[in-house]
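Enquirer: Each chain, letter by letter, is given below.
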Amino acid sequence: MSFFWTAVLKDLQRLRRDPFSLIGWVATPILFAVLLNTVFSGGQAKPQGRLLIDDEDATFLSGLLASAFSREPLSEMIIVEKVKRAEGRRRMDRGDASALLIIPAGFQAAYLRNEAFRLPLLTNPSQRILPQMIQETLEMATEAGFYLQQIAGDQLRSFASSTRPDEQTIAKLSVEGSRVGESIRRYVDPPLIQLENKVAPVENKPNFTAMFFPSMLYMSMMFVANALGLDIWKEQMYGTLKRLKATPITLPRFLIARIFYVAAVALIVSTGGIAAMYAMGGLSARLVPLAIGWTTLFTVCFHMLMALVSVHASSIRGASVLANILIFPLAFIGGCFFPFEAMPAWMVRIGKLTPNGMAITQFRSILDGSATLASLAPSAAILLAMGIVVTPVLLRRMNNRFLA
Amino acid sequence: MIEVQELRKTFGDLTAVNGVSFTAKPGEIFGLLGPNGAGKTTTISCISGLVTPTAGHVRVAGHDVVRDGQASRKAIGVVPQEIALYDDISATENLSYWGGAQGMRNPILAARIREVLELTGLQDRASEPVKRFSGGMKRRLNFACGIIHSPKLLLLDEPTVGVDPQSRVRLLELVRHQADQGTCVLYTTHYMEEAETLCDRLAIIDHGKMIASGTLTELRALLAEQDLLRLTGHFPTEAIDSLRRGAEVEILQADADLLLLSVTGASSKLPSLFAALAADGAEVRGTTLTQPSLESLFIKLTGKALRE
Numbered sequence: 001m002s003f004f005w006t007a008v009l010k011d012l013q014r015l016r017r018d019p020f021s022l023i024g025w026v027a028t029p030i031l032f033a034v035l036l037n038t039v040f041s042g043g044q045a046k047p048q049g050r051l052l053i054d055d056e057d058a059t060f061l062s063g064l065l066a067s068a069f070s071r072e073p074l075s076e077m078i079i080v081e082k083v084k085r086a087e088g089r090r091r092m093d094r095g096d097a098s099a100l101l102i103i104p105a106g107f108q109a110a111y112l113r114n115e116a117f118r119l120p121l122l123t124n125p126s127q128r129i130l131p132q133m134i135q136e137t138l139e140m141a142t143e144a145g146f147y148l149q150q151i152a153g154d155q156l157r158s159f160a161s162s163t164r165p166d167e168q169t170i171a172k173l174s175v176e177g178s179r180v181g182e183s184i185r186r187y188v189d190p191p192l193i194q195l196e197n198k199v200a201p202v203e204n205k206p207n208f209t210a211m212f213f214p215s216m217l218y219m220s221m222m223f224v225a226n227a228l229g230l231d232i233w234k235e236q237m238y239g240t241l242k243r244l245k246a247t248p249i250t251l252p253r254f255l256i257a258r259i260f261y262v263a264a265v266a267l268i269v270s271t272g273g274i275a276a277m278y279a280m281g282g283l284s285a286r287l288v289p290l291a292i293g294w295t296t297l298f299t300v301c302f303h304m305l306m307a308l309v310s311v312h313a314s315s316i317r318g319a320s321v322l323a324n325i326l327i328f329p330l331a332f333i334g335g336c337f338f339p340f341e342a343m344p345a346w347m348v349r350i351g352k353l354t355p356n357g358m359a360i361t362q363f364r365s366i367l368d369g370s371a372t373l374a375s376l377a378p379s380a381a382i383l384l385a386m387g388i389v390v391t392p393v394l395l396r397r398m399n400n401r402f403l404a
Numbered sequence: 001m002i003e004v005q006e007l008r009k010t011f012g013d014l015t016a017v018n019g020v021s022f023t024a025k026p027g028e029i030f031g032l033l034g035p036n037g038a039g040k041t042t043t044i045s046c047i048s049g050l051v052t053p054t055a056g057h058v059r060v061a062g063h064d065v066v067r068d069g070q071a072s073r074k075a076i077g078v079v080p081q082e083i084a085l086y087d088d089i090s091a092t093e094n095l096s097y098w099g100g101a102q103g104m105r106n107p108i109l110a111a112r113i114r115e116v117l118e119l120t121g122l123q124d125r126a127s128e129p130v131k132r133f134s135g136g137m138k139r140r141l142n143f144a145c146g147i148i149h150s151p152k153l154l155l156l157d158e159p160t161v162g163v164d165p166q167s168r169v170r171l172l173e174l175v176r177h178q179a180d181q182g183t184c185v186l187y188t189t190h191y192m193e194e195a196e197t198l199c200d201r202l203a204i205i206d207h208g209k210m211i212a213s214g215t216l217t218e219l220r221a222l223l224a225e226q227d228l229l230r231l232t233g234h235f236p237t238e239a240i241d242s243l244r245r246g247a248e249v250e251i252l253q254a255d256a257d258l259l260l261l262s263v264t265g266a267s268s269k270l271p272s273l274f275a276a277l278a279a280d281g282a283e284v285r286g287t288t289l290t291q292p293s294l295e296s297l298f299i300k301l302t303g304k305a306l307r308e
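Going down the list, the protein sequences come from chains U and C. Taken in order, the first sequence gives residues 1 to 404; the numbers are from the numbering used here. Taken in order, the second sequence gives residues 1 to 308; the numbers are from the numbering used here.
So that you can see chain U by itself, here it is in the shape it has in the complex (with noise of 0.2 Å):
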């Protein structure tokens, strides 16, 4: 067994030990998407409330001003119940309900009379929306009500009259309706926006764990990455990193049995990740491999970058403190806080130049089946171009900051 095999064993051998921190690292991001998610796909319920009609005058009217609440939308929202005035007034001192409208006796002939009337409604202080929902819907119906009274009055009151209405009177109402209807016709039809109605077709809804779920798996794998570049640090706390100097291996040879175990935990990590994702139904087995590999890829090459940042700190406590104000705004406007889909479009176009910005738009791309060895191909050479390029800086830091 060569020493890389050695050393990635090892350094395996002491995660096994120590799994906890594996487990902090992928727990943080994936708790935070389980509460996103709560929060967010959880809200199917509507607020709803419950109306008590005290209607002491039971006519035609009174009806058709409590019908008012029991029409689509707010029938959705709101239970309307019919109750005596005393029963209705106790359980509005319990609380038990939104609203009390009483209609007293004579609403309907004091309406057809063009009489003024007063309709009480008590509200429920401790509610705010539902309350005022019935109150404007109670308003808009008495602005019907008046404007009818102002158009077909006579009509009304002559209806009003007559006890029982005889063939001639209805006909004569219909007639003297249908010239209403035309008088008006002019300003009402055809009216000025034509309005046409379409049943948008039925979408999958986005789920909220597939959506969130990229953004947290690579929050995750940013984590990762941070805390294994931090491993140097505790290398060189052991002493270990010294002792190794006095072997025959190297720093470079080190440093690559280093990636290969940055690159196990990744593919670990990352094969966890996306076999949840699997299971979800959020990707296709064909795809799996190339989820895998590609986010594996990101994780190296951050590693490296996040371990660069950590050898330039003083102390441990530092290269943490410094990690963090790195990764957080990185994390934040790359889109692993939040799906680009959430984020303003001028935030967006920065975060995609972002390492993780970009690699989690590749990783989309994957998911949704649109991406191709070609297309990731750019993205795939600037994250190496990025480990290559920080290697030899790694190198030369570590060997200044810890073996001079």
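One or more of the hints may lead you astray.
[Stated by the list, open to error] Dumping the calculated DSS-like pairs for lysine-lysine here, alpha-carbon to alpha-carbon at most 30 Å:
no., chain 1, residue 1, chain 2, residue 2
1, C, K74, C, K131
2, U, K234, C, K138
3, C, K300, C, K209
4, C, K138, C, K25
5, C, K152, C, K25
6, U, K234, C, K131
7, U, K242, C, K300
8, U, K234, C, K74
9, U, K242, C, K138
10, U, K242, C, K131
11, C, K25, C, K209
12, C, K74, U, K242
13, C, K300, C, K269
14, C, K74, C, K152
15, U, K242, C, K25
16, C, K152, U, K242
I should point out that these hints are in silico values taken from the structure, not numbers from a laboratory.
Starting from the known structure of chain U, arrange chain C on it as the hints suggest.
Expert: Then chain C, alone, in the frame of chain U:
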């Protein structure tokens, strides 16, 4: 086995090692003795390839450590002053890693791990994470990792610092065992007793310079059975001048409040010495008499105690 010629190492304006030369052969324990900051660790670092010498040559098993570092490092085992182990993995896993770093492969490595664990008395705890080990056990494992590849030259940089007496005895036995197996051991310490009991030959270093070297007998001969007498009190110039004129004592250091003298058979001469000092107006408040030893040699050569 090891040849060090005119070794020099500077860090900016600081000269840590200045012209150190010595040789040591297989089976020999060569001690580098000196106070903290004397240049012992820098010397070891130059030999092990941790730092590049500014001047001079170091050859290990015939290989120049600068020009042929890879080959020379294969011949070297290092036991650093600070414990350098992965404490989250087991003793076996640590040994496997350090053996692998020295180019060892299974099954030879596995057999050697068993051998070394037995030698250091860690075989019963071999699969436990090192962080559960006591300080002494960690020291022994630190040593084991240095000898896993049976090096021709073993560099031990103050391996017993902070070790309890029992573990220290065990470690010294292990060092002696390695030398008996034919390993050349370069041992740095500032403990005189360790150097006296363990080392076949010694070099005394101070301020980066080698001020004496040889076997213990040769070094003791430098003192010529002279005792070291340290007097504190008040010593006027006349008293010091008067001592200088006498032939019985050698003045190593003379201050207004301290006199450091080298005297043959000091105990019998103390009354006359005190009387002469008193006659010249001196006042002796404290007296320390040291028999000939490495400690007294060091004081004689440098004018200060080793642990100062």
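Enquirer: Each hint should be assessed against the structure and marked as holding or not.
Expert: Hint check results:
no.	hint	verdict
1	C:K74 with C:K131	holds, 28 Å
2	U:K234 with C:K138	holds, 18 Å
3	C:K300 with C:K209	holds, 15 Å
4	C:K138 with C:K25	holds, 29 Å
5	C:K152 with C:K25	holds, 10 Å
6	U:K234 with C:K131	holds, 15 Å
7	U:K242 with C:K300	violated, 36 Å
8	U:K234 with C:K74	holds, 25 Å
9	U:K242 with C:K138	holds, 17 Å
10	U:K242 with C:K131	holds, 20 Å
11	C:K25 with C:K209	holds, 22 Å
12	C:K74 with U:K242	holds, 15 Å
13	C:K300 with C:K269	holds, 19 Å
14	C:K74 with C:K152	holds, 9 Å
15	U:K242 with C:K25	holds, 26 Å
16	C:K152 with U:K242	holds, 20 Å
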